[in-house]
Amino acid sequence: MGFGITSLGYLMIIFDSMGGGLIGWPLMAYGFYRLSAVNNRFRLALILSILSLEYSVVNLLAIFEAVNDQGMFYKVSYGVYLAIGALLHFAIMTGIRQLAKEGGSEKIANTAVNRLYLTEVFYFWAILVMCFPSLNIGTLSMLLLGFRFIIGFMNLWFLYTCFAKITTQSQLEKDKKYFEDLEKKEKAKKRQKTE
1 MGFGITSLGY LMIIFDSMGG GLIGWPLMAY GFYRLSAVNN RFRLALILSI LSLEYSVVNL
61 LAIFEAVNDQ GMFYKVSYGV YLAIGALLHF AIMTGIRQLA KEGGSEKIAN TAVNRLYLTE
121 VFYFWAILVM CFPSLNIGTL SMLLLGFRFI IGFMNLWFLY TCFAKITTQS QLEKDKKYFE
181 DLEKKEKAKK RQKTE
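Residues 1 to 195, numbered by our numbering, are exactly what the sequence shown covers, in order.
Calculated directly from the structure, the hints in this document are not laboratory data.
Mixed in with the good hints there might be a few duds.
[Stated by the list, open to error] Simulated restraints on C-beta separations:
#	residue 1	residue 2	range
1	Gly79	Lys184	58 to 68 Å
2	Tyr117	Thr139	20 to 30 Å
3	Met72	Leu143	21 to 31 Å
4	Asp181	Phe64	49 to 59 Å
5	Asp181	Ile63	50 to 60 Å
6	Phe147	Lys187	48 to 58 Å
7	Leu118	Met18	19 to 29 Å
8	Thr139	Phe15	21 to 31 Å
9	Leu145	Val57	17 to 27 Å
[Stated by the list, open to error] The calculated DSSO-like cross-link candidates involving lysine-lysine, where the alpha carbons are at most 30 Å apart (straight line), are:
#	residue 1	residue 2
10	Lys165	Lys176
11	Lys187	Lys174
12	Lys107	Lys165
13	Lys177	Lys165
14	Lys174	Lys185
15	Lys190	Lys174
16	Lys107	Lys174
17	Lys107	Lys176
18	Lys174	Lys189
19	Lys193	Lys174
20	Lys193	Lys165
21	Lys177	Lys189
22	Lys176	Lys187
23	Lys101	Lys165
24	Lys176	Lys101
25	Lys174	Lys184
26	Lys176	Lys189
27	Lys176	Lys190
28	Lys177	Lys187
29	Lys190	Lys177
30	Lys177	Lys107
31	Lys177	Lys101
32	Lys101	Lys174
Predicted model, so just to flag it, every value in this text is computed and none were measured.
Where is the CB? At the ideal position from N, CA and C, for every residue including glycine.
Given only the sequences and the hints, what does the whole structure look like? Please build it.
Below, the structure written as structure tokens:
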């Protein structure tokens, strides 16, 4: 369906500050492309993940000192990246919630809402620190970084859970038909053996 590829891409974007987004965002975009066939929210996530690639390129240029990471261009790029990230996670989690409800998994639907709240708190906190640099003191900065990784790995595990557990109604019907056909074949084999 696309959750597996999206999970792999999400793992890479957790380490975006080291250039992982250059691989992660295209992987996520492809995963969202596949998921957009079953839910339109993932089409928005596809577009936003492509736009997020811009910051990964700017960040890589900053690593090689082609762009000043203290300059206005970098800061604006980072601010746009945070806003896109907040919208992206809204699209992902609401899309997962809708899919889970269609598949009858209320637990996953509720978990998607919880993950959305936690992730949006991170983005709000990060945008606040970016807009008011006086808040960016050592301890608070480290807490924000730690919170980023905790939320990132929680969301990664959640995406993997979706990969393992979420299915669409049409997939359920295909699986049911497959197992019914398999059962008919086994019964036919048993009848042949008894004859």
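Hints, one by one, checked against the model:
no.	hint	verdict
1	Gly79 to Lys184: 58 to 68 Å	60 Å, holds
2	Tyr117 to Thr139: 20 to 30 Å	24 Å, holds
3	Met72 to Leu143: 21 to 31 Å	26 Å, holds
4	Asp181 to Phe64: 49 to 59 Å	57 Å, holds
5	Asp181 to Ile63: 50 to 60 Å	55 Å, holds
6	Phe147 to Lys187: 48 to 58 Å	56 Å, holds
7	Leu118 to Met18: 19 to 29 Å	23 Å, holds
8	Thr139 to Phe15: 21 to 31 Å	23 Å, holds
9	Leu145 to Val57: 17 to 27 Å	22 Å, holds
10	Lys165 to Lys176	16 Å, holds
11	Lys187 to Lys174	20 Å, holds
12	Lys107 to Lys165	11 Å, holds
13	Lys177 to Lys165	19 Å, holds
14	Lys174 to Lys185	16 Å, holds
15	Lys190 to Lys174	24 Å, holds
16	Lys107 to Lys174	23 Å, holds
17	Lys107 to Lys176	22 Å, holds
18	Lys174 to Lys189	23 Å, holds
19	Lys193 to Lys174	29 Å, holds
20	Lys193 to Lys165	37 Å, violated
21	Lys177 to Lys189	18 Å, holds
22	Lys176 to Lys187	17 Å, holds
23	Lys101 to Lys165	12 Å, holds
24	Lys176 to Lys101	19 Å, holds
25	Lys174 to Lys184	15 Å, holds
26	Lys176 to Lys189	20 Å, holds
27	Lys176 to Lys190	21 Å, holds
28	Lys177 to Lys187	15 Å, holds
29	Lys190 to Lys177	20 Å, holds
30	Lys177 to Lys107	26 Å, holds
31	Lys177 to Lys101	22 Å, holds
32	Lys101 to Lys174	19 Å, holds
Checked against the numbered hints given earlier, this structure breaks only hint 20.
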